[in-house]
Every structure is written in structure tokens, then in C-alpha cells.
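2 protein chains.
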Amino acid sequence: MTKRVYLFGDKSAEGKADMKNLLGGKGANLAEMSLLDIPVPPGFTITTDVCTEYYTVGKEKLQELLRAEVENGLAHIAKITGTKFGDKENPCLMSVRSGARASMPGMMETVLNVGLNDETREALIKKTGNARFVYDSQRRLIQMYSDVVMEKAAGIEPKEGQGVRVQLEHLLHNLKESKGYKSDTDLTETDLKELIVAYKNKVKEVLGVAFPEDPMEQLWGAAFAVFQSWNGKRAIAYRKIEGIPHEWGTAVTVQTMVFGNMGDTSATGVAFTRNPATGENYFYGEWLVNAQGEDVVAGIRTPNPINEVGKSEHTKHLASLETAMPEAYQQLNAIQQRLEGHYHDMLDIEFTIQEKKLYMLQCRVGKRNGTAAVKMALDMLAAGMIDEKTAVLRVQPSQLEELLFPLLDPKAETKASVLCKGLPAGPGGAFGKIVLTAADAVEAVKKDPKAKVILVREETNPEDIEGMRAAQAILTARGGMTSHAALVARGWGKCCIVGAADIKIDWSNRTIKMKDVTLNDGDVISLNGTKGTVYQGELPTVSAAENENLVKFMTIVDKFKKMKVRTNADTPEDAAKARTFGAEGIGLFRTEHMFYGKNSEEPLFYLRKMIISSTEAERRAALNELFPYVKKDIKGTLAAMDGYPVTFRTLDPPLHEFVPEREDERIKLSKALNITMDQFLDRANKLHEVNPMMGHRGVRLGITYPEITEMQIRAIFESAAELLQEGKKVFPEIMIPVTCIETELQHQYKIFEKVYPEVLAKYNMKEIPHMIGTMIEIPRAALAAEKIAKYATFFSFGTNDLTQMTFGFSRDDIGGFLGDYLDQKILPVDPFQQIDQDTVGQLMKIACEGGRKARPDIKLGICGEHGGEPNSVEFCHKLGLSYVSCSPFRVPIARLAAAQAAIKHG
Amino acid sequence: MTKRVYLFGDKSAEGKADMKNLLGGKGANLAEMSLLDIPVPPGFTITTDVCTEYYTVGKEKLQELLRAEVENGLAHIAKITGTKFGDKENPCLMSVRSGARASMPGMMETVLNVGLNDETREALIKKTGNARFVYDSQRRLIQMYSDVVMEKAAGIEPKEGQGVRVQLEHLLHNLKESKGYKSDTDLTETDLKELIVAYKNKVKEVLGVAFPEDPMEQLWGAAFAVFQSWNGKRAIAYRKIEGIPHEWGTAVTVQTMVFGNMGDTSATGVAFTRNPATGENYFYGEWLVNAQGEDVVAGIRTPNPINEVGKSEHTKHLASLETAMPEAYQQLNAIQQRLEGHYHDMLDIEFTIQEKKLYMLQCRVGKRNGTAAVKMALDMLAAGMIDEKTAVLRVQPSQLEELLFPLLDPKAETKASVLCKGLPAGPGGAFGKIVLTAADAVEAVKKDPKAKVILVREETNPEDIEGMRAAQAILTARGGMTSHAALVARGWGKCCIVGAADIKIDWSNRTIKMKDVTLNDGDVISLNGTKGTVYQGELPTVSAAENENLVKFMTIVDKFKKMKVRTNADTPEDAAKARTFGAEGIGLFRTEHMFYGKNSEEPLFYLRKMIISSTEAERRAALNELFPYVKKDIKGTLAAMDGYPVTFRTLDPPLHEFVPEREDERIKLSKALNITMDQFLDRANKLHEVNPMMGHRGVRLGITYPEITEMQIRAIFESAAELLQEGKKVFPEIMIPVTCIETELQHQYKIFEKVYPEVLAKYNMKEIPHMIGTMIEIPRAALAAEKIAKYATFFSFGTNDLTQMTFGFSRDDIGGFLGDYLDQKILPVDPFQQIDQDTVGQLMKIACEGGRKARPDIKLGICGEHGGEPNSVEFCHKLGLSYVSCSPFRVPIARLAAAQAAIKHG
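Order-wise, the sequence lines are chains A and B. Going by this note's numbering, the final residue of the first sequence carries number 937, and the count climbs one at a time with no gaps. Going by this note's numbering, the final residue of the second sequence carries number 937, and the count climbs one at a time with no gaps.
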């Protein structure tokens, strides 16, 4: 029989840490802590498999399947605690929480205080002697349960402001106002008692059903609401961003409640075994006295630092747990050290102190930003806690991105006036226009993908997730370093400042007051997320200086990677820059890109002249004029790469795009060609194509106009010859694009066979090192790779075009349907972001096999955008490619991904 | 050691008929005849492998390799004939001819009378006592050899009119003029003797080298010239059209000369064992007294009919061989009967009678047109000469095309005035504008692929081949049924009239006189190639009535084929027509095609309205208006196919193409949608795509606008339901286009799951027979076929798009480079004409395997244009497809190709 429920508590457990897939992270780690004899309130976990059952068999059937095991779980708790769930004499309460394989902070539902009703309440009051606390707990249960279980999980979608949660909040608000209370803590026992009655009435009124008094009904409702929340909008959106499979499901952990809100000897907190923002090795966390866990996470109150070492300028006036409850703190500190030693990793822990007694509620591997990840990996390696392989695996390749993020220019920063300060929750610098809602942020970026906006909120909540993603940075008025905004931003390596208490948002005027300055929605501000400072206007940013830890880390990384990492660069400047990122060559030099963005307009003019030519003579004349410019850039690039290979792709211009739009340029061109404007237009029109992506491009041009290929090959070898004679090292590779038939390559090879000896003779040389190969970017080329390899000593996969043709998706036109495809899960991920391994990958595999069959030593690489995407890099490693090539900025990411692939797959 | 030379003659031979690949058709069949004790002048054949050697090792080396075997061959001849090549006492002369595996009539070179020089000439005069004949032979040798060997094979490209051939012709012409001769036969012995001297001097003058007197030098020169002519322009052009591989090479046959021009007891002729134009079973041929073979073939003199039965209205006044030389004729007739019985096929034979003695110079399987091929296959089957399988294999699928060719409307023909008459060399009717050169014909069709031109020539020669292909029909003033024009036209099943002696071409005015009517270049004429009559102006044509023989033949064909043959049709009318061609269903009904070419403009208007809609509500309104029209055509088509399957492809419109160009239509549409013209233009612009072929089309539309799919599925099932209730049979198949991911199909399947029960309920029915499947036209779909097959009960290969994406060749833009690709042999054949089996075929294979793995009973078919192309049909058979679908006109061709594939591959 399938086991659906796993018990834990009192030094024993049916699960353990490595059963995350089945028990979720929370359940597995609670079991592990219990086994380690760490104080954990007893409970049980319903497995992730049951979540799948929930969606197939339905609630009623599932309740039948689960009943015996759940009752056994409650008996287990009763045995340990001596209390009994739902008992009228000595009841206990339950927390019902989600827990997936991968942490999805705040994305699913939780219900606390389950089991409270009018009867158990009275028993608890009797037992605790703290009536106010018990009434408050019941009030919280009704508020939470009616929202999460009775409305959301039931699929009720109320109109804006009509939901049960808002309406109960109104009751609370009105009561406070009528009594002149400022805070919830001002509410008296009597107030709360009245409120409970009012809440129950309101729930019945709004939802049409009475609030359930039966503890078991509450428990089932809460557990199923957690399963239901797996497919809530927030959770789905988060999984899409994080790439978590929808089929994993969540576990549900039912655990005896302990209370941090039973008075001044009670407390609750969240902590990390090391600083998750910097990686520094000290116990780091936040706590609140007389509070429940969600008070810390939700960022409603700004929490206190957990110890003295963790105090900052912003928190130095607040009492630490270390001083306020030294005994509990020492116990906690010992536990956190033990846990880190046990897990060999930085952990994120949650604890509650109930009347001086410490309970651990959660421990998990803590999220950290890239800077911290690198530092922790190095520190733990130095301390002998982990080995080099583990260190390399500890940093996600994409996390490196933030280490390369720009910073605010320090010079400009010293001169700028600080608008306000907050907690430095996400490092780096950013500027942008203020937006006040997540929806505005999403909208702005939809309109203009390059739009830079800063999301400014009082606090963020999980509903804001997409807007947070869209924004350059996040700034909140409330919340601490473990608040929602901080956690999420850190996960993404995004610039973020939280708890900037001086910010006041005036919603009626859509303005923001920061101390005495008033800013409007749309005004530009700049953030230093490393220091927590906010400035008015746009401050210049500078690229991150080479980070000492990063250099050290990348040195270890490079010990393991087997693939080379090259870069795509089109100018000597780009080439030089890419070297600083560790590029071991250029995998793609797009000849036609060199003509744009130059000071001189001449090369572009000659290129256009060549394209508008209608005879070979005209074309050769233009090519001769173009030659010195092409050669200059080629030579500069070869020199910059100093003997590293440089792959020059022969001209692949989308001809029609090069026809100038401006009248004066058209006139100049037609004069230069000595043709009338009518003739000019006629020639330009002939270049127009219905489907240019599958038109007269790449090698097809080299075949109809062999003189173009000839000019380029000559420029490459002459550049190489001259550099060699200057005593430099060079390794040019000539790459033919858009090849689909072996005879195309054979044709171009003949041009090489003519030009190469001519250049050797001109410079009186015997040899110039070189390779000649082709892109594999057309499906046919992959399928015919064995034949093509006869004329190619290397293949470079052009996975952009290969994806385009394999899917029949024009990148330019995909906007018409890609959104719907991703939303409706027709595609799990954009195939232009990640190689579609089943199909595009299958073609790559066929091509690798074919290529190696014809030429066992063939060099294989990739130069599509996928070459810098970690999953795709891993796939390339598995294919046995020699190198990946990507944009300069992504080179470190590709290096790390390549090393991790080598460690994982050998 | 490699054997390079094979001997034959005197009842023995080293080769035989089935060694065509090595000896060429001519060499193999001469050997076979020799073995059969048929009188053949002795000789030897140099193999086709030596042709390849010729192109790799070069002439000098080759001569070394060949010398011993060639000398042995000459000794063999000497032994049989008692004469000796080059001997000063008793010499013999040699003919040197080409012979490839497949017949390439007139495309390569021949040299006759090899071995004649001033010394052997005198010996021959002495031996034959016929000085005039010997002088004439030497004149012919010089004329032929200097042109073929000394100029062409040497690669000399003289200016127009400056070639040695033309210059020698001038000498001849001038001599005849100065003496007042009308014909070559007026030349005296003395004239010819002088001419020989003048010829030799002219050759030296024009080519700078003396005419070679050494017989062996002549022999080597002639043999190598034949090898060289394998790669002449004509030969290459012919091979391209006929699909003959360039690497095959030609053999060279060296054979003792016999002479049909030794006086009135000598003759030469060409004949067929049956009539090659009609298939009638009688000995059919032409002959000329006192002539050499090329005189018949070249069409310089109109030849006599070989026998009485073969006489026509045009030839009844000419003497037949049967009456003129009864003895030789009887011997020839006996040989031809024996040969046909031996080969079990209609043969094309060449013979020469030298002073009453008959020699066979060639026999080969005779070319025939489609009509004749069908009749002969049926007749030989009836006579027990061949079995059914052989009969089916005797007709090339493409030959059936001509049986379906249009004829001139007989009613119009009776009223039209006959301009002139000629020999009916190629059947069918045609009309077009007169063009006077092959180049003009090519040019006209290049400018407008639909241009209809008639090539009118005095006679055609192999240089005209491409123009003959481009023309609708060919009309020549000279030549017989075995002339070049007749042979070539018959091979292609093209309308052709030859020997229309009343035609006089006036080159200076570019006019044509036909009896008393003068026509200009560009005037329209009509031809009846079945009768040989030419009419002024354009006569209407009617489609060929169903041919009784064809019906009989196709009945046999259908016994063997295993694949079904369906048709692509988009209207009830097309569907009904296709049935008459034997279509067993519709493999592709393009929903969007039904909107064009209708009397009513309404459906197109509503379609456009739907496309310009911007909300689901607008779109649904337009779809509702469209619904009755769509349903009407679907219902009509299902009814016409009477229970045969009909595959409806859901809408795949290239959206932007449906936006009307005309202002009034735009106004009407925007009014109907109640939008401004600016809004209209804005919506229309949004539909524009950069690469529409890879854009928002096919299933992608069905996903973003599911209501479109819904409307179509409803129309299909409602039509089917109504027909079933009327007692009719129906089998609709719903086919989703452009699928590339299984989830797309799953999405569309859900729409079916909604609509189907609704229709069943509406008509109170339990079931409507149907299938739901997808096109496989995107490479990804082929690669992911196993997953896709979960939601598809059939696959239909859309090889047009599949070829497009696999090659990355946009059909619309391929014009920019396809010509160069074919000319430069980068592509052997247009992949849109014939499936590229290595790559597109590989994807099809992957898809078949994947589909069958997921669903062993999956139905597989093809609906791309390739479905009617014989090679591709054969490939589909090998893949195990259930059916091919093609345009109605190609259905019989596909049926035959399918049957042949089944016979060849089981």
C-alpha cells in the first residue's frame, strides 16, 4: 500500500533530508532535524505524490485514502505532546503548510491555528491563562481560513475590494477607529471576542456558508487548500520564471502550533547561518518579540537584528535576541552551527520561542545572491567543509550575471544628494522611472522592452512577482532583509532596497514623499543596492570592477570545464573586452556587423554600393573599395585575440536591409553607380524578398557572387600574413554560413584554393595557420552532415536559425503567438532561450555523429545565443562539443555552466 | 588487368546485351546481334569506364593504356574482313561512335570514314572501282573530322560563322555555284578531287595545323573526341532534362565502315519493329537509296517509307524498300521479327545495304510516346510476349501525361483553314505564337512561364534542345518521323509536326510563308500533332477523352499498386473531376482556397472581415456569417466523394494576403466592422510579417483564435451528419496544419471534444465516422512524431513546406539562386520537384518510425506536390505510406508510379 503520510517528532522521524522529492523541502528537513534531536514541534507530512492524486481523484476520494494515516499522525502528536487535536479539555492546534521540492517562498498558502473553535478556545484559555492571546489566535484563524480555504481554494473570484479578506479587515479597521486604537495590540480581550462574532457573521454573509467549527473539517480544508494553491496564479508564474516543473506538486506538513505571540517571553525569527547578501561568515537574522512567524516575513513590522554583530547603521538602536533573551539565543546559535556543519551549506532557519522555550520550525539551504554564493563557496572550500567540485556546483551560472552588474559611478554618487536610506537587500546600482504598481512595471516593459523602471512599494507581496521581474530595481518603505521583496530580489541578483521608512506614498496624487522631496510617478531615481541609498535623477553607472573572489572562483571553475568558451564579437574593441571576461577565442565574427556604428560612413557606403551593383564589374569595383576597411577590422581583431582562434563568418547580409532609407543616401549611391533613381529603385526592389530568412543569403550569395567570398578570404589571409610577419600569433577560421548542401561548401572551397596560394606568394610565405568550416544552422545541413564534413574541418551550430527552421518560427514574427504558447503551456519555455533538446538537439546529435563519421577529428562548437545559456551549455557538453561561443557578458556564465556539466557528466 | 576493349563480329562477341553499363547501348547490342548471327560489320567497343579515365588520366596516358587492346581489335577486324586498317593495298575504314547506357540521340559526336588518306584512297579506288564514291568519302571525313576532332574536341570556340565547318561549307557552296550545280550529287570526281585539296588547305589555314594523314592518329583523335563530347554543352543539357547522371560516361564503338552510298544498289535506313508514334504492330521505317546513315537521321532529305503498309498520304508517292529491293527487305524483315522476339520489346534498328548486301549497324529498345507505350504493352501482353508486371513497367509514369493532353477541338478544326501539312510526329493539339529560334522560345518562357510559343524551324538540331523543351509544340519544314525533332518530341510526348515542306522561312523579314499565306514571327498558329495539320490563329482545345487503352492499362496497373492515390481538391467540382481520373479520396482540401474564384463575393468578404477583426466577438460574428458558405462546399465535396475519405485541412491563411488591395473593398470592410480607415490600416499593418512562411499561420491561428477551428470542425461534422441522414456515405478527416509540438494538437483536439458531441446531439446521432490527424510539414514535427502521434490518428506529409524549412529555401525567393544552383550542379535537381531523399526523406523516415512507435496503426500519407512525381511516389512506397495525394491531372501518373514501385520493391 502506498504510504502517504510520514511522521516526525521526539528524536525520531519516518523521513529524512534526502527525501525532498517526496516530502518537500520543509517536511524532509523537519524530519532530519527531529532525527538530530533538535527541538521540533511534532507533526506529519503528506507527500507530494498526494498532490498529484488531489488533481486526479478529487477531494472526497482523497479524504478516504488519507483518513487512517492522518488519524494515526494526530495520535502520534497526542502521544508526544500529551495534548489532543480538537479535544475539549487539552487541545492542541496545528499549522498547515506547503513544501515543494524547491523553495517557492510565499507562493503557496499556509493556514495557522487550525483546530480552534469556540469549545477548544475555552479549553486553551483555561490551560494557558492567556485569554487575549487565544482570542487573537481565533480571530487570525477566521481571517486566514475564510480567505485561503473558503474563498480562494473554493475558486470564488470576488470583485475588487469585495473579497472576504478585505471585508474582515474593514471590520477590524472600523473597530480600531471607533475605539481610537493605533495598533492591533491595543485591542482588548473583549474587543477580540466581539470581533470573532462579527467575523463569523460577515463570513456567512459574504460567502454564504458558516465558518466551520469542526476541527477535522478545518484540517482537511486547510490541507486541500495548500494542494489547490500549487496551481494558483502566483505559484504558476513563479515556477515559469524559475523553471520549476508544473508536475512536481507540493507536500503538506501538519505540525503542532507553537506560539511566539504569548507575551514578552515569546518571540519568533528567521535567520541565516551566514549573511546571504554578502556571504560573510556570521550568524545573521531577524526577530520580533511577541509575534508570529508571518509578521517577520510579511515585512509589516521592521524586525530587530538577531545579534550584535549583525547590527547595521539602520538597526543599531534595536535590541538583539542575543541581549534580550541570551539563553534562548545561545541555544539557537549552537543549533545553527550544528546544522551548518551537518548540511555543509548555508542554511535558512525559522524558529519560535514560546514562553522562553525554543522550537525550530524550518531549516533549508538558504537562498543567496551571486556575490554571497561565490564567497561562501570559497570560504567553505578554504575551511575544508566542501571540496572544489562542490564549490563549483554551489553557484548557479546565472548568478554570476549580478557580479558583472553595473554599479553607480562612485564619483557621481558622492556629489549626488541622498533622498533616503533603506536596507541594502540586493546589490548593484540601477536607475529608472518610478512606477507605483507591479502592473505598471509590466506594462512599461511590454511597451518598450528597454524601458527602465524602479518599482516603489510600501511593501511587496507575492502578487507583485512579475512587476518585480520587469523592474530594474525594487524599493520598499517597509520590511527587513528577509522580507518578501528582499528574498525575491536576492534570488534574482536584482538591485533592491527595503525598509526605507522615510518613503510615503500618496496614492490620491500618485506622488512619493522622501523626507522633504516630493517625486511624481515617472520621475527618475537611482539606487545603490549595495549601500541602501536612493538618489534623485539618473546617476551614471560603471561596470563592476573585476571581483577578487570571482577571479579566484573562476580559476577553480576553469580546472573542471572541458569545453572552451569563446565569444561572439564583431570589432577589435569587442574582442579585447571579451578577453577580460575569459574568452578563449572568437566563435563568431559577423563580417557585416563591422559596417555599422563606425565614425566613418565609408565602409557602409561601399557595402551598399556593392549590394546595389548589378554586374560583376560593378560589384568588384565596390568590393575593391570595401577591401581596406574589411581588412583593417579583421587584422585588428586577429591581433587582439593574440593567437586564439577567430572564426570569421563570411558575409551573410539580409540584402534588402542594407538599402538606405534616406533620400540623400540614395541619391549619393545612384550617382556613385552612375544610374538613375528609377534604376536604383528597380534594383532595390529586386532585393526585396517574401521570406528573407529563407532567401538569397549566406553561402547562396557566395555562390551567385563568388567575388564577395573571394574578397573576404583575401582580407583574412592578408591580415594574418601581415601579423605573422610582425611576429604576432594568429589563428583565423573561415566559416561559411547558411550551408545546406555539401556542394555549396565545395564551391566556396575552390575560391579558397585560388586565393590562399596567391596570398602566400604575395607575402612569400609557406603557410598560414587556418581552418575552413561551416555553420550548421539549416536542418538539411544537420541531416547531411556526413557529406558536408568532407569539406569542413569544423562545424559551428547556429542554433538561432536552426531553431527557427526546425520550429518554422520566424523570430521576427513570433510575437503574434509566443505569448499565448507560453501562457497556455503549449511551450514550456521559449526555444530561442533554451535549446529544445528533443528536436533541435536531435538534429545537433545527428550532425555531430555524421561529422565525426566523415572526419573523426572534426571540431564542433556552437555560436548561437544558446551558447551562453546554462542548460544549453550542459547539453553541448553532453554532445561533446569542443567549445561554446556567446556574447562577452555571458562568457563567465558559460564557463561555470561548462565546468558544472563536466563535473556532473564527466 | 582491367579489360578496356571488347571485340565483336562473325557470330561471336566478348560482350552481350546486358552489358550496357560497360559497353553502352550500342556496343552491347552489336555484340548481342553478332552472337545471334545477324550480319554486323566487325569491330570493338572501348568501355564507359575508359571515359572516366579519359577525364582523370588524360589523353597521352590513356593512349598508352589502350594501345595494345586497340591494336588487337584492329587485328581481329583484319582477320574477319581480310582487309587491314591503314593498309596501302587493301585498307578498311572505321566508323567511330558514341554509346552511353541510356540513349542520347545526336547529343554526342560520331566520326565516319576514319582511315582515309591520299594513299588508302588510291587503294580503295583500285579495290572498289568507284573513284567518285571514294573521293566523296574523303571529303566527308575531312569535313567531319576537322569540325568534331580538330576544332570542337580541341576546345576551340570560333566566332559565329568563322568555324572550320562553315568555311568548308562555303568552299563547297562556291564550287557548286560556279559550276551551276543544284545538288551534291552533281559534283564530279574531278570536282571532289579538287575540293579535297582545297579543304586541306583551308583546314591548315583556319586551325593552323595540317589535316592528319596517319590513320592511327585519325583513330585516336576520333575516339577521344567522342569521350570529350560526353561533356559538351548539348550532352549536359540533355542529361539534365532526362535526369541521366553525369558520371556514367560514354563508350566508344569502332566498327568497320559499310557504305550505303555506293550507288543505286546501296541504301541506308532506320526502322522500328512497331510504329513508335501509335504503337501499331507493323514494321515501320524509312530509308534512302545511295545515302549514308546520317542523311536519314539529320532530316536533310525526306526519306522513303520502308514498306507498303507504312505509307501515308504524304509518302504514298515514294518507293518503298519492299518494292525497290525486295530481297534485302525480306532479309531485314526477318531480322527485325527475330530481334523483337529475342528482346521482347519494340526495337529501333539501323541498317545499311552495301551493293545489295545487308548489314545491321545498331539495334536498341525504341523510344515511343505514351500512347504507343500503352498500346504496345497491352498488345505484347495479349500476345503472351510479356507478363502483366512487365507491361506495367513498360510505360514511364510521366508518359501518361501526354495521354491526358488536350486535343484541338474537332468542331473548330473542321471550320479552320489548313495552312499546311506535315508528318504527325508528336500527338495532341497545341497553339501558340510563332518563334523562329530556340533562344526566342527559351526567352519567351523565361519572361512569362505561361507563355505559349510554337518553335518553327527548317529542321531542328541538338543545339535547339532547350528551346524545344520550352515550346508548346515544334513544327519543322524538313525531316521525317525519325528526324531529330520527331525523336525528341516523341520522347517528351510533345505535339510535333515535321517535314511540312510548304513552309518557307524568310530570315531577312522574319516571316514564314505557308503556301500562299505569310505569317510573322509572333503570329498565332495551331497544330494538330496527331494528324499533322497546321492552322492559322488560336483553335480551342478540348481535354483528351478517356482513352480505351488507357482504361485497360490502368486496370492492370491498379492490380499491383499497394498505396492509395488521392487528389488535392478544394471544391466539389474539382472533387468530381478527380474521381474520373481514379482518385480514391481527397488527401488535401484547403479550406481557404474555396473562397476564391466564386461567383459570389460574399464568402471572401466574410473571410476578410474575420481576418481584420480585432476581438473575439467581432471574429465570431464574421465566422457566423462565413459558416453557411464553408459548410456548403464541405458538404458538396463530401457528397462528391461518396464515402471516400476527404481530408479537410483547417484554415491556414497567409493572413496578410487576404487584406484587399482595392480601395472600395477596404471601405466596404471598414464600414462592415464599423471602424475608421485608419483603424483598418492599423489592423492590416499588424498582419504584415517579415517571414510570413514561418509566421502566425496554421495551427498557430487555431490556438490564438480557437473559434476559427471550432467553426470549421462544426461545419465538417454538420455536413457529414446531414449527408448521413440523407443516406449517403461520408468519411471526413480533419487535418491540422503547421503543427510542430504535440501540445498544439492536444489543444485543437479539445475543441473537437467540445464540438463533436454538440453536433451528435443536434442531429440525434451516435457516431459520425471520422479521423483527426496532422500535417507533418515542419522539421520539428517529424522529429517529435512519436509524441505528436498521441493526438493524431494520421500523418500527412506536407513536403512542400517540409522541403522549404529543411533547406531553408523560401519557394517565393528561390528564383534568386536556384538557376545558378542547377547550372553549377550544386543541386542535381530542384528539391521542390523531387523529394530530397537523403534529408527531407530522412525526416519522413524518422516521422514514420516515431508515428508507428506511438500508434502502430497510424495512417501515413503525403499531400505535397511531390505526391504526383514518380521518383517521390516510389520513395513513399518504400516508406510504407498508405496513400499519396496529388493534383487531379497527375493521379494516373501517381497510380502507375505506385504500381511500378510495388512491382520493384514488393
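By construction, these hints were calculated from the structure, which means they are not laboratory data. Each hint should be verified, as a subset may be incorrect.
Note that identical chains are pooled: a pair holds if it fits in a single copy or bridges any two copies.
The list that follows gives simulated cross-link-like pairs (lysine-lysine, BS3-like), each with its CA atoms no further than 30 Å apart [said to hold, decoys possible]:
id, residue 1, residue 2
1, K785, K271
2, K387, K821
3, K818, K271
4, K271, K119
5, K213, K818
6, K909, K818
7, K546, K717
8, K821, K271
9, K110, K477
10, K699, K477
11, K821, K876
12, K119, K781
13, K481, K717
14, K264, K818
15, K420, K608
16, K398, K793
Status of the hints after comparison with the structure:
1. Taking the shortest Cα distances, K785 and K271 sit within 30 Å of each other only across copies (28 Å), while inside one copy they are farther apart (54 Å).
2. When the C-alpha separation of K387 and K821 is checked against a cutoff of 30 Å, the pair qualifies neither within a copy, at 78 Å, nor between copies, at 61 Å.
3. Proximity of K818 and K271 under a CA criterion of 30 Å is satisfied inter-copy only: 22 Å between copies versus 41 Å inside one chain copy.
4. For the identical chains of this complex, K271 and K119 are neighbours neither inside a copy (45 Å) nor across copies (97 Å), given an alpha-carbon limit of 30 Å.
5. With identical chains, the CA atoms of K213 and K818 are never at most 30 Å apart, being 81 Å at best within one copy and 62 Å at best between copies.
6. Proximity of K909 to K818 under the C-alpha cut-off of 30 Å is found in both arrangements, the shortest distances being 23 Å within a copy and 23 Å between copies.
7. When the C-alpha separation of K546 and K717 is checked against a cutoff of 30 Å, the pair qualifies neither within a copy, at 64 Å, nor between copies, at 47 Å.
8. For the identical chains of this complex, K821 and K271 are inter-copy neighbours only, at 25 Å across copies versus 43 Å inside a copy, given an alpha-carbon limit of 30 Å.
9. Taking the shortest alpha-carbon separations for K110 and K477, neither the intra-copy value of 57 Å nor the inter-copy value of 95 Å comes in at or below 30 Å.
10. For the homomeric pair K699 and K477, neither the shortest alpha-carbon distance inside one copy (39 Å) nor that between copies (33 Å) is at most 30 Å.
11. Within a single copy, K821 and K876 get their C-alpha atoms as close as 18 Å, and across copies as close as 24 Å, so both meet the 30 Å cut-off.
12. For the homomeric pair K119 and K781, neither the shortest alpha-carbon distance inside one copy (94 Å) nor that between copies (52 Å) is at most 30 Å.
13. When the C-alpha separation of K481 and K717 is checked against a cutoff of 30 Å, the pair qualifies only between copies, where the shortest distance is 21 Å, while the shortest distance within a copy is 34 Å.
14. Within a single copy, K264 and K818 get their C-alpha atoms only as close as 50 Å, which misses the 30 Å cut-off; across copies the closest is 28 Å, which meets it.
15. Proximity of K420 to K608 under the C-alpha cut-off of 30 Å is restricted to the intra-copy arrangement: shortest distance 29 Å within a copy versus 72 Å between copies.
16. For the homomeric pair K398 and K793, neither the shortest alpha-carbon distance inside one copy (62 Å) nor that between copies (58 Å) is at most 30 Å.
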